[in-house]
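Novice: Residues per chain, in single letters:
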Amino acid sequence: MTTGLHRRMKLKSDVNDNDLLRLMLAGDEEALALLYRRRQGSVYRFALQMSGSRSIAEDVTQEVFLFLMREGHIFDASKGTVGAFLLGVARVHVRRRLRAEHRLEPLSDDSDDDDLFMQSTTDVCPLEDLTRAETIESVRKAVLSLPPKYREVVVLCELQDVSYGETAEILGCAIGTVRSRLHRGRALLLAKLRPAEDIEETGAATVKSARCFA
Amino acid sequence: MNCQRFETVVSELARGQMMAAEQRADALAHSDVCDDCAARLGDEQMLTLGLQSLASEMESLEAPREIEAKLLEAFRARAVVVPITKRQSNSRYWLAAIAAMLLIAISVVVFRWSSRSADEPRQVANQDKRQEQPQPKPEVTNKSNEQLVQDIEKPSVDESLPKSSKPKRIRPVNFRRPNNAAVANHVTKEIATDFIPLSYMSPASLQEGGQIIRVQVPRSALANFGLLVNMDRYNEKVKADVLYGVDGMARAIRFVQ
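Respectively, the protein sequence lines represent chains Y and G.
Numbered according to the working numbering, the first sequence spans residues 1 to 214.
Numbered according to the working numbering, the second sequence spans residues 1 to 257.
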């Protein structure tokens with residue numbers, strides 16, 4: 001039976017997301033399973049990068065697909081892709097959860113989720129691995145400390161590798177707004193990360209102006 | 001390119017986004033001559049590397065498998081519930097539809113039966129009266145105008161009223177079935193003559209219906225129809241009902257007291 005299920009799912013793996021959604025709404029369980037396996041990663045990672053919490057990310061992922069089961073018929077293919085639609089729903093749920101749990105502030109250093117990404121996955125030198133892990137951790141904290149409207153653009157465009165156009169669809173704003181928010185978000189990230197670098201390199205906490213008028 | 005212009009493109013440059021080759025060359029040339037902008041570009045590139053590292057670190061992260069199991073379970077539960085409710089609603093729908101059809105059929109049968117039983121004695125009575133009082137008056141079979149035509153053909157006489165010395169043609173009006181409420185309301189307590197044809201009138205002319213209009217005419221008009229006129233009240237007016245056909249032509253008249 002499991003073999004048959006896998007064979008049918010393999011046959012359906014060529015079907016695009018729109019058709020899978022249509023099949024799912026018609027009651028096809030395999031279509032739901034396949035669509036979930038295709039899209040759960042991006043939804044989960046987006047929720048995790050936005051919230052910094054595994055529990056919130058898991059809840060949001062579940063809520064997004066439950067929403068898809070209930071209200072999937074509202075999806076309009078002419079307005080975007082299923083992936084963008086799911087990320088848009090995830091964004092709403094993440095914001096709702098963060099608002100409810102007052103988690104909009106940056107996570108404290110003693111958070112249980114701080115070691116989320118401190119996973120050594122390579123066989124490089126332990127010192128290099130440590131440095132890389134520290135860099136990633138500092139970037140992660142900097143991203144989480146951004147105001148939500150900049151954070152979501154940075155997460156989508158930089159971490160999820162979503163195009164400007166799709167990001168605009170997800171956020172419901174113009175592409176120009178996405179560009180300007182990304183520019184501002186990156187500037188904020190640099191400002192948050194630079195002091196630490198400066199301390200390491202120069203031992204001073206002064207921030208140099210990035211502007212010159214040459 | 002100056003530093004302000006460089007600032008607008010430095011993010012795109014560091015991220016390796018598509019941009020015009022000329023603009024890209026200008027920006028790189030500017031960073032070669034401007035130390036601050038070179039440092040700015042270096043910062044942006046380091047940030048891009050950090051973000052890419054974070055993205056690649058998280059690339060393998062996925063939701064726990066329990067979520068998929070829960071979702072499929074919820075989907076199955078929903079898929080099981082929906083057909084049951086659909087079946088219930090369908091069966092209810094069919095039951096309601098059958099009941100409605102039965103109700104309609106029964107009401108049609110009852111209506112036909114009752115209308116037939118009501119028509120039969122009336123037709124018999126009309127035939128009897130026709131045989132007793134054969135008069136050369138038009139015969140109309142249109143049911144919608146049946147009452148109207150009956151008034152013209154055979155005005156019923158209330159025999160409970162005392163006989164008077166007035167002319168025989170003046171009889172109390174007694175509508176057995178006053179369909180036309182407008183007429184019945186003001187006629188039932190009045191005494192009226194029979195409808196007197198104003199011109200040649202065939203029964204077919206009333207097939208499509210008609211209209212009775214109450215008017216006042218000089219009492220002298222009674223003489224034109226062979227009715228007696230009280231000369232003491234010669235100048236007074238008398239009420240009359242004029243029957244108009246659908247073509248607007250006056251068909252008949254009756255005088256009301």
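Treat the hints as calculated values from the structure; they're not laboratory data.
Please note that a few of the clues may not be correct.
Covered stretches of chain G (chain Y as the covering partner; in silico rule of three or more C-beta atoms under 8 Å from a C-beta of chain Y) [to be verified]:
hint	stretch
1	53–59
2	63–74
Taking CB as the label site, the calculated pair distances span [stated by the list, open to error]:
hint	chain 1	residue 1	chain 2	residue 2	range
3	G	Gln23	Y	His73	41 to 51 Å
4	G	Leu28	Y	Asp76	35 to 45 Å
5	Y	Asp76	G	Met18	41 to 51 Å
6	Y	Ile74	G	Gly16	30 to 40 Å
7	Y	Lys79	G	Arg112	21 to 31 Å
On a predicted model such as this, the values are computed, not experimentally measured, just so you know.
We treat Cβ as the ideally placed atom computed from N, Cα and C, and that holds for glycine.
Novice: Now tell me if each hint is right for this structure.
Specialist: Hint check results:
1. 53–59: Holds: 6 residues of the stretch 53–59 of chain G have a Cβ under 8 Å from chain Y.
2. 63–74: That given contact holds, which follows from 8 residues of the stretch 63–74 of chain G lying within Cβ reach (below 8 Å) of chain Y.
3. G:Gln23 with Y:His73: 41 to 51 Å: Holds, since G:Gln23 and Y:His73 (Cβ atoms, about 45 Å apart) stay within the stated range.
4. G:Leu28 with Y:Asp76: 35 to 45 Å: holds, 43 Å
5. Y:Asp76 with G:Met18: 41 to 51 Å: violated, 29 Å
6. Y:Ile74 with G:Gly16: 30 to 40 Å: Holds, at about 37 Å.
7. Y:Lys79 with G:Arg112: 21 to 31 Å: violated, 59 Å
Checked against the numbered hints given earlier, this structure breaks hints 5 and 7; the rest are met.
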